[in-house]
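Kindly produce the complete structure, drawing on both the sequences and the hints.
Keeping their order, the protein sequence lines are chains D and X.
If you read the first sequence in our numbering, its first letter stands for residue 134, the second for the next number, and so on.
If you read the second sequence in our numbering, its first letter stands for residue 47, the second for the next number, and so on.
Hints are computed from structural coordinates only; laboratory data are not their basis.
Mixed in with the good hints there might be a few duds.
Claimed, not checked - Computed footprint of chain X on chain D, listed as stretches where at least three residues anywhere in the stretch have a Cβ under 8 Å from a Cβ of chain X:
hint	stretch
1	142-150
2	172-182
3	364-376
Every residue, glycine too, gets a C-beta built ideally from N, C-alpha and C.
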Amino acid sequence: MRRMDLAEIKHLLVNNDLGFWPELVTLTQQATGFDELLFLSSLRKKAEVHGLKHPRADDKRLRLAIVGGYSLYPLHDLLTHLLEVEGVACELFLGDYDNYQAEIMDAGGLLYKFQPEVVCVLPGAQRCKYPGALSDPREVVQAAVDAVAAQLLDLSRIIHEHTGAEVVLCNFILPARHDLGTFRTRTPGSDWNFRKRVNMELGLNAPSFVRICDLEFLAHRHGALAAEDARGWFESKQLCAPDLLVEVCRELARLILALRRPPKKLLVLDLDNTLWGGTVADDGLEGIELGDTSPRGEAFKAFQKYIVSLKDRGVLLAVCSKNDFASVQAVFERHPEMVLRPSDFVAFKANWEPKSHNIRQIAAELNLGLDSLVFVDDNPAEIDIVRQFAPEVTTILLGADPAEYVGQLQDCRMFEPHSITAEDVERTGQYRAEKERQTLLASVTDMDAYLASLAMEATITEFVSVDTPRLSQLINKSNQFNLTTHRRTEAEVHSLINSPDYICFSVRLNDRFGDHGLISIVIGRAHGEALEIDTWLMSCRVLKRQVEETVLNELARLALAKGCTRLEGVYLATPKNGMVRDFYPRMGFQTKSETTERGEFTLELKGFQPQATRIIVTHHAYDPS
Amino acid sequence: MTQVEVLAKLQLIFDDVFLEPPKLTPQLTAKEVPEWDSLLHISLLLAVEKAFGIRFRVGEVEGTKTVGEFADLIARRMMER
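Listed below in structure tokens is the structure:
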């Protein structure tokens with residue numbers, strides 16, 4: 134941080150200038166040093182004392198508990214600072230130093246009285262040590278490894294069962310010293326091998342409500358020796374060196390925010406000097422640099438391979454290039470070193486329109502929000518036009534050296550899966566099948582005949598544990614066809630399973646072109662004679678396919694079975710869900726009250742007749758058979 | 047460096063770190079400065095180590111009671127470089 138910035142932000146604060154907050158956010162994002170961040174944090178607290186309130190500050194505070202085998206000071210201060218500048222204010226519970234096991238085991242204790250929504254656990258590395266002899270056999274050491282990992286995962290499970298909270302569990306930093314020499318790797322009981330294996334077991338066995346904060350990786354990235362701070366340990370029981378602590382807190386903040394924010398869906402790529410070296414228009418098909426004949430060509434090819442790997446884990450790809458369509462097409466079809474194929478893309482724009490315009494069109498065609506797009510280009514001018522005219526899109530300006538492209542994308546942190554579900558991998562196929570359906574729709578004029586020709590089958594299932602990652606994913610990313618936009622973490626979804634007052638189900642749909650996967654979710658709560666619809670959402674890919682009617686039929690059936698006589702629905706307006714403003718009236722509900730922000734609707738179930746649809750329901754929710 | 051010289055350089059660091067920087071004297075203690083809490087203390091120590099190019103040994107900063115003693119400690123550590 135430059136002294137000028139420092140003077141500037143102090144000046145803004147002293148003058149109660151609202152420009153203080155954006156400046157604080159920028160400096161916080163740029164800060165790498167521990168002292169810089171601590172200083173910014175103390176400025177933030179002073180601003181609050183001065184009555185300079187964060188403009189985005191939420192009234193709802195996140196109930197965050199931190200417990201562990203280290204001093205949680207000043208870690209908690211950095212962490213809350215990072216969360217607060219992102220608009221997430223915290224109510225904090227701090228465990229006592231190295232008292233986390235007791236705190237977690239004590240069912241009536243302060244931790245549980247606090248009712249945390251997220252609990253960060255930082256187990257002490259001093260407990261991750263093999264107590265036996267270095268020469269002990271591998272099986273004996275492995276049993277000790279398993280016991281340490283199982284104990285930590287048990288503690289996490291206990292927290293989750295008491296509170297429904299998400300748990301962020303830190304693993305262990307590896308030693309940085311030469312101690313033991315070659316026997317460091319040759320003996321299973323060395324600290325080096327032992328901690329590595331515990332970390333691996335933690336990661337591989339963590340249930341879905343546990344996020345691992347990978348300290349081993351963060352310290353490795355930071356540099357093992359630089360990560361160590363013996364003085365900090367002896368003086369005040371610090372976890373690690375101050376500058377690494379900044380990285381750890383950034384990661385913790387990211388994990389906590391990611392519970393509430395969906396990852397990006399679509400990667401939009403430039404072509405010239407992004408996927409290959411040179412420009413097709415000038416250099417021609419033969420002149421572009423791509424492939425193993427030159428180091429530069431090899432770098433571009435490696436970049437394409439990495440992009441394919443993103444696609445394989447569920448990221449959608451699109452092209453947006455200022456180019457002549459035919460010559461670009463020729464590269465994709467005829468260049469022998471091309472890794473990416475036209476079929477890898479769900480949208481392809483090569484024309485002379487401004488890129489911001491093309492990108493908006495791509496989003497509209499695919500029914501995606503602009504904020505789920507990431508645009509990559511090597512040209513700062515193109516990046517700038519998108520930043521200006523489609524500011525919701527995240528942009529990545531590639532650096533000068535194609536050798537660094539892969540690393541740049543690997544570090545962009547936009548496409549990290551919350552959980553890897555089978556549907557993710559299928560997604561490109563689903564979007565392509567959608568295009569084929571559109572073609573069929575264009576050829577059939579009678580809507581009913583079209584729907585019949587799709588041969589749709591729906592499977593309706595009550596919430597089950599195996600579905601929770603996908604359920605929570607859809608609950609957190611669905612914006613448009615979403616009546617209330619109530620978000621829920623995996624833990625919160627999980628807590629609804631077998632909950633007696635609730636009716637919760639999801640719908641999977643397939644047709645003769647392919648499997649849509651899980652596309653609709655309903656959460657209802659029985660309250661006397663009413664079934665209150667807490668959540669009704671649907672993927673826009675299946676709009677106008679009679680899924681809505683199928684869901685209503687199911688909901689009415691289940692409500693009646695629970696002894697309810699009416700359905701009560703509410704619409705909560707957001708900037709994105711205008712398409713369902715009149716959804717309930719369209720489905721036959723009576724309007725009870727309506728304002729621009731909120732509508733309340735009711736449907737009497739006496740004499741309810743299920744609506745006929747072209748969807749065959751092959752399985753119903755809560756069906757004992 | 048003499049204590050006076052160290053104090054002069056320290057004053058610049060305090061001016062950066064504090065909103066209302068105290069005027070440093072050898073007798074001053076942290077308790078007398080409301081803004082000087084434990085969080086600020088940590089950033090102060092790191093800033094001092096950076097600015098003077100020194101590293102304190104374990105536990106020794108805790109042993110200094112006044113700004114004057116702290117300045118003397120800085121001077122001693124600088125002699126070793």
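Hints versus structure:
1. Restraint check on the stretch 142-150 of chain D versus chain X: 3 residues with Cβ-Cβ distances below 8 Å, three needed, restraint holds.
2. A stretch counts as covered by a chain when three or more of its residues have a beta carbon under 8 Å from one of that chain; for the stretch 172-182 of chain D and chain X the count is 5, and the coverage holds.
3. Under the rule that three or more residues need a Cβ within less than 8 Å of chain X, the assignment of the stretch 364-376 of chain D holds, with 4 such residues.
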